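Keeping the supplied structure of chain X fixed, place chain W upon it in accordance with the hints.
Chains X and W are the protein sequences, given in the same order.
So in UniProt numbering, spot 25 of the first sequence is number 25, and the numbers just go up one at a time.
So in UniProt numbering, spot 89 of the second sequence is number 89, and the numbers just go up one at a time.
Quick caveat, the hints were computed from the structure, so don't treat them as lab data.
Here the structure is a predicted model, which means the values were calculated and not measured.
No residue lacks a Cβ here, since even glycine has one placed at the ideal position from N, Cα and C.
Mixed in with the good hints, there may be bad ones.
Cross-link-like lysine to any residue pairs, in silico, SDA-like; alpha carbons within 25 Å at most [stated by the list, open to error]:
id : chain 1 : residue 1 : chain 2 : residue 2
1  : W       : Lys388    : X       : Pro380
2  : W       : Lys92     : W       : Gly168
3  : X       : Lys46     : X       : Glu70
4  : W       : Lys46     : X       : Glu427
5  : X       : Lys379    : W       : Lys379
Pairwise CB distance ranges (calculated) [unchecked claim]:
id : chain 1 : residue 1 : chain 2 : residue 2 : range
6  : W       : Gly90     : X       : Phe306    : 51 to 57 Å
7  : W       : Ile197    : X       : Lys388    : 33 to 39 Å
8  : X       : Glu234    : W       : Gly167    : 29 to 35 Å
9  : X       : Asp161    : W       : Lys182    : 50 to 56 Å
Here is how the chains run, residue by residue.
Protein chains: 2
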Amino acid sequence: MRKLLFLLFLLPGISIAQDHESNIRKIYDAELSAGHTYNNLRYLCKEIGNRLAGSPGAAAAVEWTRQLMESYGFDTVYLQPVMVPHWVRGGKDIVRITNSEKHGSVELSALALGNTQGTGPSGLVGEVVEVKSIPELKELGEKVRGKIVFFNGPMDPTKVDAFEAYGGANAQRSIGAAEASKLGAIGSIVRSLSNTINDIPHTGSQRYNPDFPKIPALAISTQDAELLSTLLSEQPDLRIYLESHGEMKADKLSYNVVGEIRGSEKPEEIIAVGGHLDSWDVGEGAHDDGAGCMQGIEVLRLYKEFGWKPKRTIRAVMWMNEENGLRGGQEYAKIAKEKGEKHIAAIESDSGGFLPIGFSSTGTEEQRAKLMSWTPLFKPYQVWNLEKAGGGADIGPLRDQGPLLIGLEPDSQKYFLYHHTEADVFEAVDQRELELGAAAMTALVYLLEQEGI
Amino acid sequence: MRKLLFLLFLLPGISIAQDHESNIRKIYDAELSAGHTYNNLRYLCKEIGNRLAGSPGAAAAVEWTRQLMESYGFDTVYLQPVMVPHWVRGGKDIVRITNSEKHGSVELSALALGNTQGTGPSGLVGEVVEVKSIPELKELGEKVRGKIVFFNGPMDPTKVDAFEAYGGANAQRSIGAAEASKLGAIGSIVRSLSNTINDIPHTGSQRYNPDFPKIPALAISTQDAELLSTLLSEQPDLRIYLESHGEMKADKLSYNVVGEIRGSEKPEEIIAVGGHLDSWDVGEGAHDDGAGCMQGIEVLRLYKEFGWKPKRTIRAVMWMNEENGLRGGQEYAKIAKEKGEKHIAAIESDSGGFLPIGFSSTGTEEQRAKLMSWTPLFKPYQVWNLEKAGGGADIGPLRDQGPLLIGLEPDSQKYFLYHHTEADVFEAVDQRELELGAAAMTALVYLLEQEGI
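So here's chain X without its partners, still in its complex pose (with noise of 0.2 Å):
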């Protein structure tokens, strides 16, 4: 690696500043000693809990992360009024296969996705037809009619990135009872977007298209995929239940929270550093994304706590309805523009609190290789890999705007088992991996706001 960094040392243009490295020390041993992201997420989790947009769970958290930064003292702390999608579940999802000739009548770990329309209390029943995947529904075509369709996708574990992986199982979950309403099925079940076989439901967003009819769409476990996979090849008139209750309510006000401090050279120039605040409606959004708006604003309480003044303007920022309708994200960057911000970096931790790897990042040629210039400051805490593409499905909406846009990169193993469920608690959560992820992504924005992109 020396070599590397000997290289890096020649490129022109670039300078890495001798006291970077003991700021970024400074950094990590007061995260790793006495850090709040830990116990803020505690409370975050504990005391308030699941929080879709809408929810009064969002609205507790809305004001809980004001009065978190105002604690602070940061320079601001303000709210972005953004209206957003109201989703409900509305009762208990139910999958019941009724007539297997094994077993009878079998109840299946159900979970009805977000924003689906529900059956309601009288429910529907269908023959299953199973599928693989969408191009496989395609060639089914009209022999779906009428039937409830079955996708029955794995995560491909072969990926050594479980974001791979999802990405190229996700579109059975998002779009597929879309796709099954326009062939005529009259619902939809999917395999929980999990690489691992247990018995936890994962929900997650669903999107009607709106010249047909909005069939039902449940997710079930991988173990009940498993098993409804195998007695439908042994009795193909396999006949299941759907009940729902999911109903898309009028839109509701709901809001980003952000705090800043504000830059002493270059106040103009901002960076944006956080995770959305929202969550699936079961579990208590501990990876998925409280740990991401915890880190976020530890960004700026560090600076407080050193009594760092940044050169350019750092604004920690909670993004509102990232799962069910990127509204938060969208009405963000729409205000930057009529504003005329500049921001020259956004970061979004929306992949989980668990062991920092590397960050992703979308920008210019310059802007990335800047990026990757400063892997040699991040090496010695484990975090090497910034060369990767991405960044953030919040920050993503600034792109026309010209930021470099980045995304903390956590080893992704676990993030699966989690993911939307009822599993994604506080105690899933390891503190220390936390924590590295708060210094990681406070030492990048300490680059960023010293060195600018």
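Below, chain W without anything else, positioned relative to chain X:
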């Protein structure tokens, strides 16, 4: 990174054959899709459980791993007899504050250290003197005579590598009681070696000085260490009752378990890979070190699954008695020397079944340079650091025979949540992380048997 890759190809004497890349991909694909490591670990943990050297559990583990390797059809499977120390805990360990003005009698979460002599059923009572380290104990000198010494040095939370923090704190556990005894102390309590504050006591090895009395030595949980320290600062005449029942019995016959696939081109060159089969007598020895044993067996199993014939001899070794004697590692090296065997490399996985991020090594500069030249082959699998110095306890005795000693290096953040505790159970191991470690070890063994070192 591309630049580095390019440089490495230019280094003289190093060639990375094109097909190595695809064979390593094959190893990872097989392991992540249908590896046996996780289910084998389940059996070892759940059906056999903990297995301190000399215990019935250790005997069962020897027999089961022998049968398991035979069932996989390795060329040879055999046992290496070795006499091991036989320590028994003997009963419930008690550390109790007897005279707290605030709380009266307070029971602390305690576990006697391994190899210690117990108090017996009558226990002992004494005043407590707190120190943070052995140097601090030595400064106190005669002041500890007739007292119980309380070692309360925390692991340094700012060390990103938790093993470094462990290294900085473990003298108080391994020789604290011996040093206290030299000064006339009657007993010793040590803060558990953990970087987390919780209620779980951690046992571990303790070495007496044969010239001084064998005083009892017990660990208490970090939480209770904090409590005891606080109470002591308010009430220095606090008294503690200690009770433990440990006893070192006569040495017992046990075994290293070895499975081998003979090399097709250079069978005399041996690559050993594995972990230690014994564990402490609490929990299930899942991370420490069932994981390493099952990963070692998996390396050879994958060769059988693929029908691969290694050029050099590869050997899975389960060493016995790492925890409280290292007799197995010593015996293995002694036998290798007597037989004139030539180990070119020995790999130990004994840092938990967590996400593998690198390999550490000890050997000549040339050996280490060749190992590091393989970094680009591991980076796609997030194994990025092949530079660290290190190895493993059981393979250490081989050092003077010239092999490159290699340790699998998983991320260390969570290791000291489980190490030497009742919490080190199968459920604490993540399937994908364990499998990634097995795949990394197999890939490395593959490169070693193909290319030599």
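Starting from the hint 29 to 35 Å, judge whether the C-beta atoms of glutamate 234(X) and glycine 167(W) obey it.
-> violated, 57 Å
Given the hint that lysine 92(W) pairs with glycine 168(W), test it: the Cα-Cα distance must not exceed 25 Å.
-> violated, 29 Å
Between lysine 388(W) and proline 380(X), is the straight-line Cα distance small enough, at 25 Å or below?
-> Cα-Cα ~12 Å, so holds.
Taking 33 to 39 Å as the hint, is the beta-carbon distance of isoleucine 197(W) and lysine 388(X) inside that range?
-> holds, 35 Å
Quick one, are lysine 46(X) and glutamate 70(X) close enough, alpha carbons at most 25 Å?
-> Holds. Lysine 46(X) to glutamate 70(X) sits at ~21 Å (cutoff 25 Å).
Is the hinted pair lysine 379(X) and lysine 379(W) satisfied, with a Cα-Cα distance of at most 25 Å?
-> holds, 14 Å
Assessment of proposed distance window 51 to 57 Å (beta carbons of glycine 90(W), phenylalanine 306(X)) = For glycine 90(W) and phenylalanine 306(X) the Cβ distance comes to about 52 Å; the hint holds.
Would you say the C-beta atoms of aspartate 161(X) and lysine 182(W) sit inside 50 to 56 Å of each other?
-> With Cβ atoms ~54 Å apart, the hint holds.
Straight-line alpha-carbon gap lysine 46(W) to glutamate 427(X), limit 25 Å | Answer holds: lysine 46(W) to glutamate 427(X) is near 24 Å, not above 25 Å.
Figure legend: structure checked against the earlier numbered hints; hints not met, in rising order: 2, 8.
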